[in-house]
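K.L.:
Single-letter residue listing:
Protein chains: 2
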Amino acid sequence: MQMGEGVEWGLHCLVALAWLDDHAPVATGRLAEIFDLPPEYLKKRLQPLVRTGILTSTPGARGGYSLARRPEEITLMDVVAAVEGRDEAFRCTEIRQQGAGTLAAPTEFGDACGVARAMRRAETAWRRELAAQTVADVMGMAPPGAPVRMRRFYQDITL
Amino acid sequence: MQMGEGVEWGLHCLVALAWLDDHAPVATGRLAEIFDLPPEYLKKRLQPLVRTGILTSTPGARGGYSLARRPEEITLMDVVAAVEGRDEAFRCTEIRQQGAGTLAAPTEFGDACGVARAMRRAETAWRRELAAQTVADVMGMAPPGAPVRMRRFYQDITL
DNA sequence: GCGCGATTACTCGGATACGAAATGTCCGAGTGGATCTGG
DNA sequence: CCAGATCCACTCGGACATTTCGTATCCGAGTAATCGCGC
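In order, the protein sequences belong to chains A and B.
Last residue of the first sequence: 159 (UniProt numbering), numbering continuous.
Last residue of the second sequence: 159 (UniProt numbering), numbering continuous.
One should not assume that every hint holds.
Pairs count within a copy or across copies, as identical chains cannot be separated in the list.
[What the hints assert, rightly or not] SDA-like cross-link-like pairs, simulated, lysine to any residue; straight-line CA separation at most 25 Å: (1) K43 - P71; (2) K44 - L103; (3) K44 - A89; (4) K43 - R91; (5) K43 - D22; (6) K44 - E94; (7) K43 - P106; (8) K44 - G63; (9) K43 - R69; (10) K44 - E5; (11) K43 - T158.
In case anyone wonders, no lab produced these hints; they're calculated from the structure.
Since this is a predicted model, take the numbers as computed values, not measurements.
Take these sequences, add in the hints, and give me the full structure.
P.N.:
So, in structure tokens, the structure goes:
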């Protein structure tokens, strides 16, 4: 089980956009320079964030991406759901109904099987923790010098 | 982010082995019949459980797999770690040190970055829930008729 | 009838193909500013 | 010198290759029961 790099990239970009909040869109090329990432691929990874309403995209010259809402209102759950999809990591294929299960009364399958329930319970805890943390919280964990350094860096590459 | 089917198969097989606990090994072919799964592929999926000491394999005729320890002592965390690997789903690639981060003092990177800490916190909650549940707990969630039906089915296919 | 050995059938384990999904790249649609022209 | 229209550079969005990982299959090593043979 492996999570794609889109979540890491997306979260860092969201934090960066929040820090250099000059109300002007930031192009993917600039964001890619900030983290030294492949620009075209980063763009592809940010598009899901636009579809789900986390980012706002401005086409045309001087265009780019902006935060669609305040950092305190963007949870990590939102970002993970947007990038990695909404369906659960563990998907129950109901193999209990196969083989030996074909002999059981259908009423036995009224509630979800124990395996799925146990896995879902763990995954719910994961989602709960993700939903409890916002981009603003992540910003608060950064060292104090990081925001100003980011603004300076951005000014340098936009010259 | 998608979890492989090995976890589901492995857990169901562990429960089945615990139910028909006649202290005799069960071959993968029989386990595959119980859940109507591809036998060869199921075998490949159970091998990690042997390597990590959850299952015991008996080679030769009348061989097969047996539980290496009691169901109460097999946590879901053990199974997930064995099948899906031990490394975390979210892997921090330290992109904060790239680009704009190259200008920062190395002392700023003493503790993990906020993104990684936030994701790790959620994943820890997930692992904690997995470690808190055992195969025995999953067995307890099954309908009462399931164990006897499984034993009957196994007797029929071993004739 | 009984003990011993070779044979045989059955099992796990790892090495080998196949397919799907993630990764990475490209071109087209659209927008805003800059430039050029005419008054 | 100024207003307007045109042109151009820059951006996002989705369609198109490439690589990696998960899925599926096969063959070889090893074991235990079975069968046959000799005593």
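K.L.:
Look at each hint and say if it fits the structure.
P.N.:
Hints, one by one, checked against the model:
no., hint, result
1, K43 - P71, "within (20 Å within a copy, 48 Å between copies)"
2, K44 - L103, "neither (48 Å within a copy, 27 Å between copies)"
3, K44 - A89, "both (22 Å within a copy, 21 Å between copies)"
4, K43 - R91, "between (29 Å within a copy, 20 Å between copies)"
5, K43 - D22, "within (21 Å within a copy, 58 Å between copies)"
6, K44 - E94, "between (34 Å within a copy, 20 Å between copies)"
7, K43 - P106, "neither (48 Å within a copy, 29 Å between copies)"
8, K44 - G63, "within (16 Å within a copy, 51 Å between copies)"
9, K43 - R69, "within (19 Å within a copy, 50 Å between copies)"
10, K44 - E5, "within (12 Å within a copy, 28 Å between copies)"
11, K43 - T158, "within (18 Å within a copy, 57 Å between copies)"
Violated hints, listed in ascending order, are 2 and 7; each of the other numbered hints is respected by the structure.
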